[in-house]
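Q: Here are the chains, one letter per residue:
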Amino acid sequence: MARLMDMGLNQLNTMLLDMSSLSQTAVAASIDAYSKGGRGSEVRKMAERLQALHRQVSDLSMEVIARYQPVASDLRFIKACFEISYGFFRYGRYALDIVEVLEIFGDLAKCDRSAVVDTAKVTQEMIRMSADAFARRDVNLARKIPAMDDTVDESYRNNLMKVMNAKGNLKCSLSGTLILRYLERIADHATYIGESVDYIVTGIEPTA
Amino acid sequence: MKLRRVVSDKLWTVFTVVALGLAIVPLLSILFDIASKGISVINLDFFTQLPPLANASGGGMGNAIQGTLLLVALSSAIGLPIGLFSGVYISEYGVTNRYGSAVRFLGDVLAGIPSIVTGVLAYTLIVLTFQSFSVLAGGVALGTMMIPIVSNTTAEALKSVPNSIREASIALGIRKWRTSLLIMANAKKAIATASLLAIARITGETAPLILTAGISTLWFSGFNQPVGSLTYYIYYFGTSPYQNWQNMAWGAALILIAIVLGINAAVRLITRGKKAYA
Amino acid sequence: MLESVTSLDVEERQRLEPHDALETKMEVVGLDAWYSTKQALVDVNLNVRSNKVTAIIGPSGCGKSTLIRCLNRMHELVPGSRVTGSVLLDGKNIYGSDLDAVDVRRRVGMVFQKPNPFPNMSIADNVTAGLKLAGVKDESSMKEVERRTLERVGLWDEVKDDLKRSGASLSGGQQQRLCIARALAIEPEVLLMDEPCSALDPTATAKIEQLITSLKQTYTVVIVTHNMQQAARIADYTAFMYLGKLIEYDETTTLFENPRQELTERYITGKFG
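Chains as they are written, first to last, in the working numbering: chain U, 1 to 208; chain E, 209 to 486; chain W, 487 to 759.
Hint data in this document are derived by calculation from the structure and do not stem from the laboratory. Do not rely on the hints blindly, as some may be mistaken.
[Claimed, not checked] With a cut-off of at most 20 Å between alpha-carbon atoms, the simulated EDC-like pairs for lysine to aspartate or glutamate come out as follows:
no., chain 1, residue 1, chain 2, residue 2
1, W, K538, W, D584
2, U, K79, W, E743
3, W, K600, E, D316
4, E, K396, W, D611
5, W, K702, W, D722
6, W, K757, U, D6
7, W, K702, W, D736
8, E, K384, W, D584
9, W, K538, W, E625
10, W, K618, E, E375
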C-alpha cells in the first residue's frame, strides 16, 4: 500500500527531474550563445522558472516534514532535495550570468574561445552526470564527478595566470575569465549534487 | 409482521413479570406467615428466659439465641481465617504453581459436600472422641462449611483487583506477602461481603448441629458441652405436639430470619454503589 | 573544489560523541526469554548507557515489553515464563544468586502503560507507598519525600492542596506523573517505562516527555514506545526489535537518519509488511 508521504516524495522527485532538464537546457543555451555568438535571450526565463521551482521544492519539503516526520531514506531524500534543488537553481542562475556577460561585452567573434568552450564541455558533462546520478540514484556515477571538478578548477587557474601575464586582448580574456568563473561555480554545484545523491543512497555525508 | 413483533415483545415482558411474581409470592408469604405467628411470643422474656416445659406458659429462647451466636462466633473464628488465607493462596500464590488449582478444586469439592456429611465428620472426630455433643463440635462443623465459601469468594474478590495494582506494588520492590496485604486492602469490601454472606449461610444450618452441638435446655456451660441453637429448636419444637413449643418455634424462626436479613442488609450497605475492589 | 565546506574535524567529533567514555549502566548479554513454550526474546545483547534515555521500538509482539520486563525481573511473574542469559546491573548479574529480585526492583524502577496509582491510597500515600510498604517508618521524612518527589515530576503545584485526595481522582496525565513520582520516591538508579504515554493525550504526553528528558541527569531511563517520533524526540539511543530479536541499536539520530539494517529502514519508514 502506498504511504501518504509517497505522494509528496514523488512530487518532489518529479519537480527535481524537471529542474534537472531545464537547468541543462539553460546552461547549454548560454554556452551556445557564447561559442556561436547568439543572445541567449531564452535563458532568463529559464533561470526565473528554476528559481520558482526551487522555492516550491523548499515549501513542499517543509510540508512533508511537518506532516509526516520522515525518517531514514525518506528523511535523507528530503534533506538532499534542498541541496540538489539549490544546485539546479544555481545552474540556471550562472547560465543567466554568462548570458549577461555576453550582453555587456557584445560581439566576441574575434576571441579565441576554444579553452572556455572545452571547459564548458567538461562542465556540461558534469551537469549531465549529476542529473543522471540523481535520476537513477547512481552512486558510482556521482562519485566520478569530483575528479572532473579538478579539471575545471585547473582550467580556471590557468586562465587567471594567462590574464595576469597580460597576454592577448583584454575584452577576450576578461569575458573568458568571467565565464570560466561561472563554469567553475557550476562544477562545484555538480559536485555537491553528486554528494547529495551519495547521501540519499548510502547515508554517508560529505566530509570536506 | 410488525404487529407480531410487538405482541411477542409484550408477551415476553408479561412472562418475566409472572415468573417474578411466582418467585416473590412464596417468599413474601413465608415472611408474612413467620412474622404474624412469631411476633406474638417476642417479648423481653423470649430473649432472657430458658425454654418452657411442654404445655407450660412463659419462658423464652434465650439459650438458643446465645447458642446460635456462640456457634457462629466459634465457626467464624475457625472458618474465616482459614478460608481467607486459602483464598489468598489460590489468587496470589497458586497462579504460578500447580497447587493453586488443586486447592481450588478441593475447595469446590468441600463446598459440594452436604452439610449433614460435614456434621458426621465433626461427630466422628470430636463428639466420639470426647463422648459428648459440644459447642466445639458444632463450631468445627460449621467452620468447615465456611472454609470453601470464604476461600472461593475471597479468591474471586482478589482476582477482581486489577493486575496492574499487583505489578505496581511488585515493581516498587515490595515483598510478596506485603503485596498480598495491599491487594486484600483493595478488595476489603468484597472480602467483608463474602465473609458476611458465609456467616449468614451457616447461621441457618440445622443438619450438622443435630450431630454436633446437640441441644440443651440450659445456658452455655462450656465449649465441651452441648448447646441449644435457634435452628435446632425450630426443628425440635416445631415438630412437637405442644402448642406453646410450636409458638416458641415461630418466634425462633422470626429471630433467625431477622439475623440473616440483618446480615444481608449490612452487605448491601457495604457494597452500595462501589466497585468490588475499590 | 575551491571552497571547502567547513566541517568538524575528527577530534572535534570525538569530543562531542565520546563513544568509549560512555558508562554502561546495564548490560544485556545473550538474553532469551520464554512464555511457556513460546520464545519471546532471542539472544538479545544490549548496552544501556548511564544517564541516557534508551528507547526500544518495534511492532506489536516484537518482544520490546518482554525485554524491558526482564531488566527488573518482572517477566518472571508470568506463570510459565523463563529467562536465560544475563542482565548486568553495574556489572552484577541481576539473575545471579547473590541478588534478590526485590532488591533489583528497588534499584530498577518501573512505570507502566496504564497509570496505576493505588486506588485505596491518597496522593501523598501513593508517593511514599514504596517506602512505607518496605517498612520505612520515619513519618517526618515522608512529608519531605512527598514534596520533593512531586516537585520533581512537576505535580506539586497542581496537587499540594489535595494531598489527601485519592490518587485515582487525578487526570490520566497527572496519574502517570504520580506513578513516576511513586517510582522515584524509592530512589532507583534506572527507570523503566513501558509505553508510558500511550494512554495520554498530546499535552500530557509532552509533559511526560519533558520530564523524561530532565530525569536523565539523575537516572538512566529505558523506555518502550510504539511511537517512533517519541523515541526520536527523547531518546539518546534507540533499539529496534523484531520477532524477539534486537535488529539494530544505535544513537537515535543515526538510527533514524541512516539505519544500517534494511528491516529497520522498512519499519521506521512505514514500508513494513
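Q: CA of K396 of chain E to CA of D611 of chain W, is that 20 Å or under?
A: holds, 18 Å
Q: Within 20 Å, alpha carbon to alpha carbon, are K600 of chain W and D316 of chain E?
A: Violated - the C-alpha atoms of D316 of chain E and K600 of chain W are around 35 Å apart, more than 20 Å.
Q: Given the hint that K702 of chain W pairs with D722 of chain W, test it: the Cα-Cα distance must not exceed 20 Å.
A: Holds - the C-alpha atoms of D722 of chain W and K702 of chain W are around 10 Å apart, at most 20 Å.
Q: Within 20 Å, alpha carbon to alpha carbon, are K702 of chain W and D736 of chain W?
A: holds, 18 Å
Q: So if I understand the rule, the pair passes when the alpha-carbon distance is 20 Å or less; does K538 of chain W with D584 of chain W pass?
A: violated, 27 Å
Q: Tell me if the straight-line CA distance from K384 of chain E to D584 of chain W falls inside 20 Å.
A: holds, 19 Å
Q: Holds or violated: K618 of chain W and E375 of chain E, Cα atoms, limit 20 Å.
A: holds, 17 Å
Q: Can you confirm whether the C-alpha distance between K79 of chain U and E743 of chain W stays at or below 20 Å?
A: holds, 10 Å
Q: Would you mind confirming whether the straight-line C-alpha gap from K538 of chain W to E625 of chain W stays at or under 20 Å?
A: Violated: K538 of chain W and E625 of chain W sit about 34 Å apart, past 20 Å.
Q: Given the hint that K757 of chain W pairs with D6 of chain U, does the C-alpha gap stay at or below 20 Å?
A: The hint holds at about 10 Å.
Hint check: violations occur at hints 1, 3, 9; the rest are consistent with the structure.
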